[in-house]
Amino acid sequence: MQQSFFTVDENVQIAKKVYKMTLLGDTSAITAPGQFVNLKLDGSFLRRPISVCDRADGMLTIVYKVVGGGTEKMAAYEKGTRLDILTGLGNGYDTSLSGEAPLLLGGGVGVPPLYLLCKELIQQGKRPTVILGFNTKEEVFYEKEFEALGAAVTVTTVDGSYGQQGFVTDALPSHYTHFYTCGPEPMLKAVHRATETDGQLSFEERMGCGFGACMGCSCKTLTGYKRICKEGPVMRKGEILW
Amino acid sequence: MVKTSVSLGSWVLDNPIIPASGTFGYGYEFAELYDINCLGSFSFKGTTREPRFGNPTPRIAECPSGMINSVGLQNPGLEKVVTEELPKLKACFHKPVIANVCGFSPEEYAEVAARLSEEEQVGLLEVNISCPNLHAGGVNFGSSPESAAEITARVKAVSKKPVYIKLSPNVTDIVSIAKACEAEGADGLTMINTLLGMRIDIARRRPVVANKMGGFSGDAIFPVALRCVYQVYEAVSIPIIGMGGISSAEQVIEMMLAGARAVEVGAANLVNPYASRDIVAALPAAMEKYGIQNLEDIIGGAHG
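Protein chains in written order, with this note's numbering: chain B, 40 to 281; chain G, -13 to 290.
What the hints contain is simulated information worked out from the structure, not anything from laboratory work. Where hints are given, some of them may not hold.
Facing chain G, a subset of chain B residues (Cβ under 7 Å, in silico) [unchecked claim]:
#1 F84
#2 L85
#3 E244
#4 R245
#5 G247
#6 C248
#7 F250
#8 G251
#9 A252
#10 C253
#11 G255
#12 S257
#13 Y264
All C-beta atoms, glycine included, are put in the ideal place defined by N, C-alpha and C.
Using the sequences provided together with the hints, build the complete structure.
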């Protein structure tokens, strides 16, 4: 974990209620895809945990959905805004378990952390299949970005207004070596049920601190009590109590 | 050179800054960031006899100038705290610590207190009496002078270390409860615990936290905490550790002027992991600014 200041470089809407923010600052504490950052917003007491979508030396990209007062404020931040951010939080995805043909399943604002994961898997010579699920066409984002990385991408929408009609689990390929997923809990449960390989699931919870001190985001697992912010947000399929 | 040390009975702390129980775990998360030996002490997570998972999630809610938590005393239980957590803690913190004692019956308080007070690392016990009495309909022990006195007496009878009772502000008359604890031999008081509060998610039309209500802490409660310390200081002669919404060196001075001998820093640690260290670092300059040479001189200084 590291506390440092970032400067907003770009903050643009990319889908219904979904924004992409690029920030300039020290990203050296971010060590794995699936980790998150925790942003201090003027006028809010608690920080806002947001998953890392992409990182490069000196540059951080987050993609977030406006769901309340805090994210509304974030959406209004202009280029040059200075933000106090904790980086390198949580236990991310382990790419060493992926096998040759990993499957990446993202739902809604669960899609962003899979982008850096996909990028790293491709850099390692893996051939990821990506399935991105949304409710409807106007919520779809990052299809082209994943394609540009060189991944095979399928988009599903619940109402069929874009891509394949249905849920991400309706588009599972016949062969994959390991799965990685992030999305709303009903989707994670469906993925957990429908997949035949081992995999890693990223969870979300309301957090106090985001770095393991307050026990606000604890959950029970087959391997004991875990903190979503510290031992998570990524958990192995085999430890989840479903 | 200003003097920041303060005494709690025979224990002299280098400075009065103590991270509050439940906001600092067992110190490791913070020890990764800075040398936590700069702190006066710290109060580790509340201990119950049995391991506890605590309440269902969500446990946290954002509030104007504060937060609500309903963690529900998650902790690994007395045995593991003594055999695993305290030895690990000893490796990163070399000063005496404050053991926060919880219970759901007078017997449990006594058992936890007796065991923790035997630990060499423990400087004093902080007894959280804001726990529900499971044998009396779930009413908090801290809500009446009689039950607060009973817990004080039970813990005092078995403790080898000074016993500080942590008072709840969710009462009609905090002064009468403080006096009842003093009468039963409490060596000191820590105050205040969180204020009972709640938030409702207006989109779902349901409480935000699963337990419906929780403890409100953070900047917003500082005036309430200060008032409680001020009132109790006038009524008792035992030391008071003040807490509630402290996030700056100036607030430390303000709390000490109200009557606190030391302070705990709680919610601020969760927002700024360096908060306690920063307050320790800022304290000498703040003292100089207000012409304070020795912190001990200002305790209760606002009382006419």
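Verification of the supplied hints:
{"no.": "1", "hint": "F84", "in the structure": "5 Å, holds"}
{"no.": "2", "hint": "L85", "in the structure": "5 Å, holds"}
{"no.": "3", "hint": "E244", "in the structure": "6 Å, holds"}
{"no.": "4", "hint": "R245", "in the structure": "4 Å, holds"}
{"no.": "5", "hint": "G247", "in the structure": "5 Å, holds"}
{"no.": "6", "hint": "C248", "in the structure": "4 Å, holds"}
{"no.": "7", "hint": "F250", "in the structure": "6 Å, holds"}
{"no.": "8", "hint": "G251", "in the structure": "5 Å, holds"}
{"no.": "9", "hint": "A252", "in the structure": "5 Å, holds"}
{"no.": "10", "hint": "C253", "in the structure": "5 Å, holds"}
{"no.": "11", "hint": "G255", "in the structure": "4 Å, holds"}
{"no.": "12", "hint": "S257", "in the structure": "6 Å, holds"}
{"no.": "13", "hint": "Y264", "in the structure": "6 Å, holds"}
Of the numbered hints stated above, none is contradicted by the structure.
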